[in-house]
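Colleague: Listed below are the residues making up each chain.
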Amino acid sequence: MENIISLKDIVVEFDGEKILKEISLDIKDKEFVTLLGPSGCGKTTTLRVIGGFITPKSGEVIFEGENINSLPSHKRSVNTVFQRYALFPHLNVFENIAFGLRIKNVPKAEISKRVGEMLELVNLSGYERRNVARLSGGQQQRVAIARALINRPKVLLLDEPLGALDLKLRKGMQRELRRIQQQLELTFVYVTHDQEEALTMSDTVVVMNGGKISQIGSPTDIYNEPVDAFVADFIGDSNIVDGIMARDCFVEFAGRGIECVDKGFAPNEPVDVVLRPEDIKIVSTDEGQLTGIVKTVVFKGVHYEMIVDGGEYQWIIHSTKHEPVGTQVSMRIEPSDIHIMKKTKEI
Amino acid sequence: MKTKLLSVPYLVWMGVFMIVPLLMVAYFALTDDNGTFTLNYITDVGQYANVFVRSVGLSVIATVICLVIAYPIAFLLSGLKQHRSMTIVMIIMLPMWMNFLLRTYAWMSLLGNNGYINHVLGLIGIGPYKLINTSGAVVLGMVYNYLPFMILPLYSVMEKIDPSLYEAAGDLGCNSRQVITKVVFPLSVPGITLGITMVFVPAVSTFIISRMLGGGSNLLIGDLIEMQFLGNAYNPHLGAAISLVLMVIVLLIMTLMNSFDNEEQVLV
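Residue numbers (my numbering), protein chains in the order written: chain C, 1 to 347; chain A, 348 to 615.
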């Protein structure tokens, strides 16, 4: 697959503060890419650089092989779905969606045809004459998507488009966005701080932190093989504790030496040990590696979430079975479920 | 019930100081000295048609000039950071804290035949020009005095426009001129109508500006009314009749403009 957009060493500064620190990123054609990170990590800024609303201080924005650094937003073949939709309050649904085509002086008959198609795509047929201010959040969202897509952009940029919707609506819209992306075979660049959203929708997830890219990979890779403690912590719940790599494939943490599969660290190097809550198994006493007392049990639907007090650390455990509060339990972790990360200073 | 009670002071105020005087104006305009009903004074107003035309004409010119000057200023202000725009708004408001008479009087000494402007022009060998006692001077006085009343409503409407709408317009293919015509203008229409009202209404009924800057030859409706009550031509019945006719004219113009305003919003 071709790269449709490449960012090369992009630096963005506001009032002397570096928002993006030499970001480099390749986006493949027809891919659903999600920029994921906590607020202030630079994900929206990256999106705005692609959209042409921010000119980077240095670095290159390459679109289909051409440098578009100085191309203003109205000449780029990308369109944006804005965070708070930014629908035109003086125009009705039809005119909002038709806006881009009117600017390009597309013939009237074609405009009505294409607006009709778009309304069908986002399931809003029959809403043509509605005032956009009187639509629900989800409906406004659909209008914003239709308004962007009608221009047949090569890339659609979405800036936390589902942030203002309630959970149930958000789930529905996630599926719908994915369907639209696959149906139209478009490249989507999607910004969110919701890790679950990123994992369920994307082909590629770009985890950002402090103006830098921490990791780029498929959702499975990001979840199973986080590169550092930040990514591990941000993607899903994690138990992150201090450990010492005694030798290859053997790590000491929480007062125990436990076998693992990681190699290549210096002897006795301090490391972060990341354990996913579902990887800590409750076992019989003779199999156990760690022990603790169950502090709380919360039913989460599919599983129970238990907090187990192990003295030095509190462990979060996800399990389909639960032990009553106050019982002493033994815990075991398979070597391949122990993730060892080099220490990062940013946490 | 409670909220209705709260409106009582205002209703009393309205009744005593707005409704009653209006009725009295109407009564004076439609009766003679003996208190009998007559339309003579209303028909007499007809002979001053030229004054009405001049008043409305000069006020329309002044209003248009105000709009042309104020629109870009207000737009630029709306794009500034809050504390900056507030400072500039203060500077714009500053002359308004000075007495109206004094401000207009200052223009007299600037524009006079031996005034500062002609003096400076004389130094570089041109002039003197007749600046004062012209209709141009009256329009200048109106623009100078009423410009803030155009800037403020425009600014307060534009400031509330979500800047992401401009980005959205750019994203959808608008160049900066189209952003103005397709987004800023239609959304600022309420500010335009309010600004026009706030400039045109006081301009059309002013008498100080025309008296001080227009000389005898630029009599406006305001001067005419003032003469009937305080001047030599003392005739409160005629004065009331002129006021009544002026009010009707202003109401008609405003209704016309508002209907245009509504149409605008449907069309765009």
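Derived by calculation from the structure, the hints in this document are not laboratory data. A portion of the hints provided could be inaccurate.
To be verified - For each label pair, taking beta carbons as the anchor points, the in silico distance ranges come out as:
1. C/Lys21 - A/Thr434: 30 to 40 Å
2. C/Asp194 - A/Pro510: 20 to 30 Å
3. A/Gln429 - C/Asp248: 39 to 49 Å
4. C/Leu169 - A/Lys428: 31 to 41 Å
5. C/Glu64 - A/Ile438: 45 to 55 Å
6. C/Arg152 - A/Ile438: 16 to 26 Å
As the list claims (entries may be wrong) - When the alpha-carbon atoms are kept at most 25 Å apart in a straight line, the in silico SDA-like pairs for lysine to any residue are as follows:
7. A/Lys428 - C/Gly16
8. A/Lys529 - C/Gln139
9. A/Lys507 - C/Asp9
10. C/Lys75 - C/Asp9
11. C/Lys104 - C/Gly116
12. C/Lys154 - A/Ser511
13. A/Lys428 - C/Pro72
14. A/Lys529 - C/Arg84
15. C/Lys75 - A/Arg524
16. A/Lys529 - C/Asp9
17. C/Lys21 - C/Phe94
18. A/Lys529 - C/Pro72
19. C/Lys108 - A/Lys428
20. C/Lys75 - A/Ser432
21. A/Lys529 - C/Lys57
22. C/Lys75 - A/Met445
23. A/Lys529 - C/Gly16
24. C/Lys104 - A/Ser523
25. A/Lys428 - C/Lys263
26. C/Lys104 - A/Val526
27. A/Lys529 - C/His74
28. C/Lys57 - A/Leu448
29. C/Lys57 - A/Lys507
Please read all numbers here as calculations on a predicted model, not as lab measurements. Built from N, CA and C at the ideal position, the CB exists for glycine as well.
Colleague: Under the constraints set out in the numbered hints, which ones does this structure not fulfil?
Modeller: 3, 6, 9, 16, 17, 19, 20, 21, 22, 23, 25, 28, 29
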